[in-house]
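J.: Listed below, chain by chain, are the residues.
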Amino acid sequence: MDIILQVKDLKKYFPVRKGIFSRAMGWVQAVDGVSFTLYPGETLGLVGESGCGKTTVGRCILRLIEPDSGEILFDGENLLKLNRESLRKVRAKLQIIFQDPYSSLNPRMTVKEIIAEPIRNHLSASKGEIQDRVFYLMEKVGLHPEQANRFPHEFSGGQRQRIGIARALALNPKLIICDEPVSALDVSIQAQVINLLIKLQEETGLSYLFIAHDLSVVEHISDRVAVMYLGKIVELAKDTALYTSPKHPYTQALLSAVPFPDPKMKKRRILLQGEIPSPINLPEGCRFYSRCPYRRNFCRESEPELKDIGENHWVSCHFPVGE
Amino acid sequence: MNQEPLLSIKDLRTRFHTYEGVLTAVDGIHLEIYPGETLGVVGESGCGKSVTALSILRLLASPPTKIEGQILFDGNDLLKMSLDEIRRIRGNSISMIFQEPMTSLNPVLTIGEQIAEAIRLHQGLGREAAWEKAVEMLQRVQIPSPRIRARDYPHKLSGGMRQRAMIAMALSCHPRLLLADEPTTALDVTIQAQIVDLMEHLKEEIHTSILLITHNLGLIAEMAKRVVVMYAGKIVEEAPVEDLFFEPLHPYTKGLLESIPWMGRKIREGRKPLQEIPGMVPSLKEMPKGCRFHPRCLTAREICRNEEPPLIVKPPRRVFCWLWI
Numbered sequence: 005m006d007i008i009l010q011v012k013d014l015k016k017y018f019p020v021r022k023g024i025f026s027r028a029m030g031w032v033q034a035v036d037g038v039s040f041t042l043y044p045g046e047t048l049g050l051v052g053e054s055g056c057g058k059t060t061v062g063r064c065i066l067r068l069i070e071p072d073s074g075e076i077l078f079d080g081e082n083l084l085k086l087n088r089e090s091l092r093k094v095r096a097k098l099q100i101i102f103q104d105p106y107s108s109l110n111p112r113m114t115v116k117e118i119i120a121e122p123i124r125n126h127l128s129a130s131k132g133e134i135q136d137r138v139f140y141l142m143e144k145v146g147l148h149p150e151q152a153n154r155f156p157h158e159f160s161g162g163q164r165q166r167i168g169i170a171r172a173l174a175l176n177p178k179l180i181i182c183d184e185p186v187s188a189l190d191v192s193i194q195a196q197v198i199n200l201l202i203k204l205q206e207e208t209g210l211s212y213l214f215i216a217h218d219l220s221v222v223e224h225i226s227d228r229v230a231v232m233y234l235g236k237i238v239e240l241a242k243d244t245a246l247y248t249s250p251k252h253p254y255t256q257a258l259l260s261a262v263p264f265p266d267p268k269m270k271k272r273r274i275l276l277q278g279e280i281p282s283p284i285n286l287p288e289g290c291r292f293y294s295r296c297p298y299r300r301n302f303c304r305e306s307e308p309e310l311k312d313i314g315e316n317h318w319v320s321c322h323f324p325v326g327e
Numbered sequence: 064m065n066q067e068p069l070l071s072i073k074d075l076r077t078r079f080h081t082y083e084g085v086l087t088a089v090d091g092i093h094l095e096i097y098p099g100e101t102l103g104v105v106g107e108s109g110c111g112k113s114v115t116a117l118s119i120l121r122l123l124a125s126p127p128t129k130i131e132g133q134i135l136f137d138g139n140d141l142l143k144m145s146l147d148e149i150r151r152i153r154g155n156s157i158s159m160i161f162q163e164p165m166t167s168l169n170p171v172l173t174i175g176e177q178i179a180e181a182i183r184l185h186q187g188l189g190r191e192a193a194w195e196k197a198v199e200m201l202q203r204v205q206i207p208s209p210r211i212r213a214r215d216y217p218h219k220l221s222g223g224m225r226q227r228a229m230i231a232m233a234l235s236c237h238p239r240l241l242l243a244d245e246p247t248t249a250l251d252v253t254i255q256a257q258i259v260d261l262m263e264h265l266k267e268e269i270h271t272s273i274l275l276i277t278h279n280l281g282l283i284a285e286m287a288k289r290v291v292v293m294y295a296g297k298i299v300e301e302a303p304v305e306d307l308f309f310e311p312l313h314p315y316t317k318g319l320l321e322s323i324p325w326m327g328r329k330i331r332e333g334r335k336p337l338q339e340i341p342g343m344v345p346s347l348k349e350m351p352k353g354c355r356f357h358p359r360c361l362t363a364r365e366i367c368r369n370e371e372p373p374l375i376v377k378p379p380r381r382v383f384c385w386l387w388i
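Chains as they are written, first to last, in my numbering: chain U, 5 to 327; chain A, 64 to 388.
Same shape as in the complex, but just chain U (with noise of 0.2 Å):
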């Protein structure tokens, strides 16, 4: 099969200065070694608490953050080997809609500047073509293109996040990041989002690695998923077998932690002990030790591998739940 966006090994410490000369008195391991892959068509889940790394690797691929080391190939191309000139080329099939539509959208521009800004970047097209497009992108997302003249600040956050996908749809990109682009919306908004992003997926056959910590909104959109603590991929799997028969107890834990809408239903809940620890300075042994319900001395001593365990689940634990 094709692949389309293949992670290797990537990873990024950020330092933790102090004192007067602001030398490095530790490191944050942000994201240590997370590899996966995408395939075209395909949505990835990306999911995990806050502070696991989750995001920092969306802005490691884009090289929005520079990664310290590993590898990314988008459409076969490293893109860490990549100079300027040659990644801005790239990011035209690369792109990625953020949190917070209220702050990632220019305010003194207008929407048809903002959609048609990438457009005007990266193609060289007449003033009429533009605003034919931008039209056009306008109506895909559910605006109405009388709507082109306005700002930013007269739309509301259904609304702005939809331009944010027009945006990162103008130039027909190939795998889009999407970095919890519901989280900040309603409920009842939050609906129309989700199935835009499946309906525009549907149309045009692109990817996404879809970012967020609610993992009802991951199961919906993602055909597999992937979950992430402190900084690695703990499990990785089809949608059924992750949610079915969780492999890693902190996916277990994470699951069983969802308040569900049954008010008949009395859940058996895996209450985790504590909270994630400080990523500066791990100890050794696998990370969710401290909080790990089925722990042994093993697991102390030893870091887990991701491994495939049968059928494409991959889990890192020395002893998988039910195995």
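BS3-like mimics (lysine-lysine), calculated; alpha carbons at most 25 Å apart, straight line:
| # | chain 1 | residue 1 | chain 2 | residue 2 |
| --- | --- | --- | --- | --- |
| 1 | A | K288 | A | K377 |
| 2 | U | K22 | A | K219 |
| 3 | A | K317 | U | K203 |
| 4 | A | K335 | U | K178 |
| 5 | A | K73 | A | K377 |
| 6 | A | K317 | U | K268 |
| 7 | A | K377 | U | K268 |
In case anyone wonders, no lab produced these hints; they're calculated from the structure.
Let chain U serve as the given structure and place chain A on it in line with the hints.
T.: Frame of chain U; chain A shown alone:
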């Protein structure tokens, strides 16, 4: 329920006088909370759910806010009380926890001092006794090594810890009513589960009533016994939690429940498009005439566009909709 309600809100109207005119955030709502019960209030941003809670404790600066109606707590009208009287109630018999614990804790006092302060003021304990009580409260909300943690400033605690500290403070005087405004919204799910568990536990222990305000229907299903659904400053439906989830009467409630991708649904039924509620929540400046939900309602008729829907009572349920006439 034959008991007397602990809190009863009658025709509450909260208005803001602004340069753009008078905005009515809460427009004539009635609700009752009984002893020991958890009442859920759901709605989207701007529906007036938080303003309702703030009105109960009169935490809105007035002017520019004007609160009308009656809020009877134990038979006494909170809106008629003097500032001194209401101050004695705040944090004592009614207390509140907020969504963002970073902005609602005092950054220049240690958490122990903040909790002890509330205890000193309301229970008249001495400095040392109040401190001991504060440490005990921190222990009860399961903060590890509470004696050491009590000397920490809020910025040194994580989000979940801060929310625990706030709960400890809110419960330190054994309130009879706890107003919880999006208590877990800023937290990760595993931490949310811990906090929910803790609140349930403490509720049993000190027999508090809870007004749980949230947009998260899953949380409502887990914690609330009765639910009030608000839309654009009005209550649209009230029902016991099971009735609301299994047989919603108001089209808005139905729309909300169907627009959410519940976990497990796709695996069971295959991926279907989510039910959308078209359009968006109206702005307080331009409230639609008639039923406020009619521009987004799939079952709207002529009468919905012109006249406000009447209250239909089907005990124990209430709904405001022309559909049930």
